[in-house]
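Work out the full structure, taking the sequences as your base and the hints as a guide.
If you read the sequences in order, they're chains H and D. Taking my numbering, the leading residue of the first sequence gets 85, the next gets one more, and so forth. Taking my numbering, the leading residue of the second sequence gets 3, the next gets one more, and so forth.
You can take every hint at face value.
As a list, the in silico SDA-like pairs of lysine to any residue whose alpha-carbon atoms are at most 20 Å apart: (1) H:K190 with D:K75; (2) H:K132 with D:E177; (3) H:K120 with D:E131; (4) H:K190 with D:E67; (5) D:K135 with H:G126; (6) D:K75 with D:L414; (7) H:K521 with H:K560; (8) D:K75 with H:I207; (9) H:K190 with D:F71; (10) H:K422 with H:I439; (11) D:K75 with H:T209; (12) H:K120 with D:L178; (13) H:K560 with H:N610; (14) H:K280 with H:W316.
Since the hints were derived computationally from the structure, they do not count as laboratory data. Computed from a predicted model, the values in this text were never measured in an experiment.
Now for the letters of each chain:
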Amino acid sequence: MIKKQFFIIFSIISMLNLNCFSQEIIKQNVNFKSFKVGNQWGFKKENKIVIPASFDYITDFSENYALVKTNGKWGYIDTLGNWFIKPSFDKGQPFQNGVAYVENGKFIGLVESQKGNFILEPIYTNIIEDYDSYDLFIGEKKGYLWKTNILSEEIQIVPAKYDSIALSYDVLSCLKEDKMWDIYYNDKLIITNAAKDIISADYDYYTKLIRVLIDGKIGVYDLKNLLPENAWIVKPSYAWIDFINFPAYYLQNDDAEKRLILALHDKNPTDIDPDLFYTSENDDQITFAKIDGTIISDKKFNYIKTFFDDYLEIPNLFALELANGTKTTYLYPDFSIKEFPFTTLISHYYGSFSIANGDNCQYILDRNLAIIDSFYRVEQYKEYQNNPNGVYYDEYGNELYDDIYEEKVVQEPFLLVFRLNSDQVEEKAIYQLDEHKVISPWSISYQENQEIKRLDVNYQTLYIYRNNENAGYYIKGMDKGTDFKYSPDMTVYNLGKYFALFTNEEFNSQDYDSLDKKQDLFYYDNQKVNLISKDYKVSKASNYATEEYIYDPETGEENIKALQSFSEEFLILQNSNNKYGLISNNNLLIEPKFDTLLQNTSLTIMLDVTIDSLYGSIDLWTGNYIKPFSYYPFYFANDISVNNFPFSYATIYDEKLNETYFMDTKGSKFYCRPDLTFVKKVKRKYGLYGYSQIALDPYTEKMQVPAKYKKLQNSFMTGVFNAQGKNKKWGLINFMGDTIVPLKYTKIEPYYYNGDNNFSFITSIGKKKGIFDIVTGEKVACKYDEISTGDFFFGDFFLDVYLTSIDGKKGLITGQGQTIFPNELDEIMMEYADYGADTYIVGKKKNKKIAVSSNIISNFENFNYTKLVEYDFTVRSEGFVIKDKQFDIYSIATNSFVKTIKAEDLNLKGNLYRIVYQNGKFGAINSNEIQTVPCEYDFATFMQDRDDVMIGYQNGVKYYIYVDTNERYTEQQW
Amino acid sequence: MVKNKIGLRLGGIVGLLALFCANTYAQKELKSVFPEKWKVKIGVSTYRTNMVFHQGKIFVGSNGEDRNFKNDKLDGVYEIDAKTGKIVHHYEIPFSGDNDVNGVAIGDGKLFFGTDNYYFFCYDLKTKEELWKFHTPYDVESCPQLAYLNDDKILDVAFNVEGNSFFALNGQTGELLWENKEIEAHNGNSAPLKFDVNGDGTMDFITSGRGSANSDEIDGFKMAHYGDYNLAIDGKTGKTLWAVATGAGVHASPFIYQNGATTEFLFLDSYGQLCSINKKGELVRLVNFGYDNFSSPSMTKDKHLVVGRGALEFDDKMFEKDIESGVMRSKNDAKYLFNEVDGRISATTMIADVLARNSDQLIGVTEEGIVFISKTTGEKIENFKIPAGAEASLFIEDIDGDKFLEILISDLAGNLTCYKTKSKAKATFGRFR
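Following this line, the structure appears as structure tokens:
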């Protein structure tokens, strides 16, 4: 009795213990170890038996279950030893990724580990697993299973009853015994008895339209439409249907409507060229429709021709040439059909312009085929260009690898245009396509070798046009180009905003790379050309190397020894007195006054200059000029930095004063290196001192800056000090006492821009803040309560913008202090175009939003805040304004109206889910018409390329919602 | 009369030439030179497959009828009588799944191998029974290595797992000794070597794997580093002794090159850069070959490095030191000669005197079904056709005790064929692992 009671109590306790530990055991099933007793297997954990040895074979626990064999059959147990799937299989597999193969005799099936149910009953003779699917076989018959929904209750198996299966993207074509095809999409049977399979040519993946042949007729089916009866865009009633990508991609503006049109053929076209969509002229009648099936025009055509872009070498469909009987018309990008006055047309350079033939002239057309100009004749300019990939042979058949030049069209915005003069002689000129004007004088065109050279001058193109005898030039801003009055020698020197041309009178030398001839020197800025001088000889420093001849007495020969060449690029000027000057890369002009101009051997940016045998120097980057005073050229050391800039200095010995000191590249004198300068208090004032590093008197303390400051402190930059003046205001000085930031601020703090040091400081005057840049000066005045950077970027670059705040209102300014958004917004943030690279800066103002592309900085001069549209919602690159039950859609990038759309039509159709609009709110339903997201959103649309995620707005807050589970995330969480 | 004779003679010569040319261009079959001894169906193999000859039996893993089939009846390991080609035993995994086997190892009376079904097995060679199995996180693709890794006198086993760690298990119980997670095995294709790198008396392991890239810079047409390393793992502790970055994934297996007193480990990455690393983990030399190298390097006695169809002079005098990096690079005039056989070569080229010429030849196989034989300098001697292509490396050894070498070829049609040779030489490099 006692034993029995004890046993019952023990059992109860044991069961309770097991139950208490079960969850823990499940989590720790990796700690199970197998053990064997006789020929039976069981499991131990921490050396204790948890599952007795009662199995013929076991595997380790995998995904909480172990595959075991008993009495010749296989099943699965859980970590408590309970059957998860009872032993009923001839063979099984441990669970992997939630599934396991099971076998019964020759047949294979698949079970899942969530509930132990069959995904595939063991009726298959083979199952071949692929990355995202299974091929199913019953004997020779085939079926298919996508892995997408394998673990859901909505799994749909394509039965193994087909002779063959073909997959085109996500459309499955299955061949039946009667040689007809069943078509599946996302494991749903959508079409039966198709006459042929769907191949890639029949499927426009972007629009999700397929071309289907049924009963000898072609129709177009929309895969996005979940209701098959509504899915036929064009019912099978045509002999043939072309999918034509139209118009050209650069005109599409991401508008799906403008990507494809359908050409509906009454008769089978006899001559299909997939590149040209050209049909022969038979009695085929072609109608055109948009991708929603809307017929574009009642007119029928028997001929389609595309335009070819010679640069892209592909059809460039910004218009289709159509023939209706004998009349030729064109389908324009706006879907209008118009007659066309041209006989032929070729588009060029991504369709940016076209040249069309008229009756007696040629036309230049813009990308929308509007006439810009017309001339007797128009040609593209060709020149010989080096083709490193070209293979050519000499007369012996040997391959030539170097210097392969071939004639190629210059793809730049200018053309050659021709006219007949009064004597009916052809003349030619240059036509600038951007400016829509002739820019050169007219010249007789049979004169050969007209060349056009293009150079960059101050970010504009300088055109030099020449014929055999002379040359002229044009640059934007001139009314027209000059006459042919310059030397045809094409060596033009240009640097920054300067350019120089040889005048015709001076052209008499073969050696045009030296300072032999005078040139006209021009300065170009603000689209104005200014003549600087006619008297200078100009040469590029990189072309100029001084050299001397050295006589070798042993050989009796004179050998050339190069004395020097210049490391930096600049223009050397020489006047008629043989004095030298220069123009630096940053447009600094130093008039000729030097006897010599030489490269400094210690610092590449420095030039040594001499006057009367005394040396001075010029800093090519800053233009600092040290007047000649030294008998020797300066040697600059470059081993320290100040203000985060490298700091160069020379050591000078003054014989007269018997003094040695340091000198910077401006010529300023100092005694202590900036990294060894320190603050010293002298009689309640502060100055800067240092231990002189001059060799003659080291360790002597030297005054660098007199003690005149109320306070001096080290800053975070070497050689820079926080300085407080008499007025108790702060600024920054360098180790030589130069004021870097004026002493007028109540506070200065370093500003770390995205974690990197830069050269900006946040300055304060009272409670107002601004920004001072030690390079450019005060860039933001002290007028904001707060200034910070946000995480605004465009592509890979952080934008140079600052978030500001005044009285709690947010604004945005550029790095130069220009206002992007005034301080009237409640919030400013970055939004993303889903998976695209586009980003937008969005400001919230009460219930409205304003938005600009984060590319605004590069186009700021054209920006006008007051003209920004106020949106109710922004999604991707579009802004939406509610208007009754419709939405006006705008392009954020261009701030322009696109179209109006009804709420119901707002991109509602996904593959498996649909956005619905009920009682003024948006929600989502699945393919079984079950509501998965309640209609509680003021606005909703699918995320781009993600029809499982809906973007919805509720009370002004933007959410990303998984439509199957209704899980949602704010923008920031997402 | 004279003219006629000349005409006849010329005609004869031309005719003979034509016949010769015809014979030359029509590919000879391998069995015409090396008679077929036996053939057995075992399923397909891969370039990761090795064969082990043990006590008169050939042990080889199989990927089954088709590598893509799960539940393939031919999967497993075959024990074949080396003399007759009869299957003595088929080690079949008792449960379903993708039980493809590539590399096998035998030691201490046991058979060791891993599968694509996330398990590593140990079987008793006598009883044919499973002794233990170890659940791996993913497929075991390459060959295991056996070594004594501690003082318990038990022969242990080590192997890499695709995309995962390098494991060492107790050879008797299958218990985990250590796991190196520092650098994953990438595809796990590289078959590790064993060598006492640190001189502590315990074998260490030389292998390749993928960790984190040490740079995001671009180097020409590719990234400077994807994260692949050639590494040495301490056999005692499992710690990484050294890891040398290589510019691309490594599928080929390392080779030990004993260069006099210096030991160099040769690695070849899939962008074709061969590097040799010394015991200290220092990069000694670099040579560039072409893309897509799955075939592992080997070395002839006359110092020619063999990769696939070609051989490169590898004597030290054909190398010069790069001043900046200190690494030796092959001189421009180092000869690289190759057999012009067409087709992809995934198998490692073996080195043996199969033609009985008292000097070694290179012998390899293409996936298109050509066995090529070349001089050790790389130049072609003769190419032969076989019924099907092969990825697995040839196996060359006297397996039937007749003192002559046999050549075993496991092909992509699923057959293992044994060919006889007339050579009594010992193979210099006759087995992949």
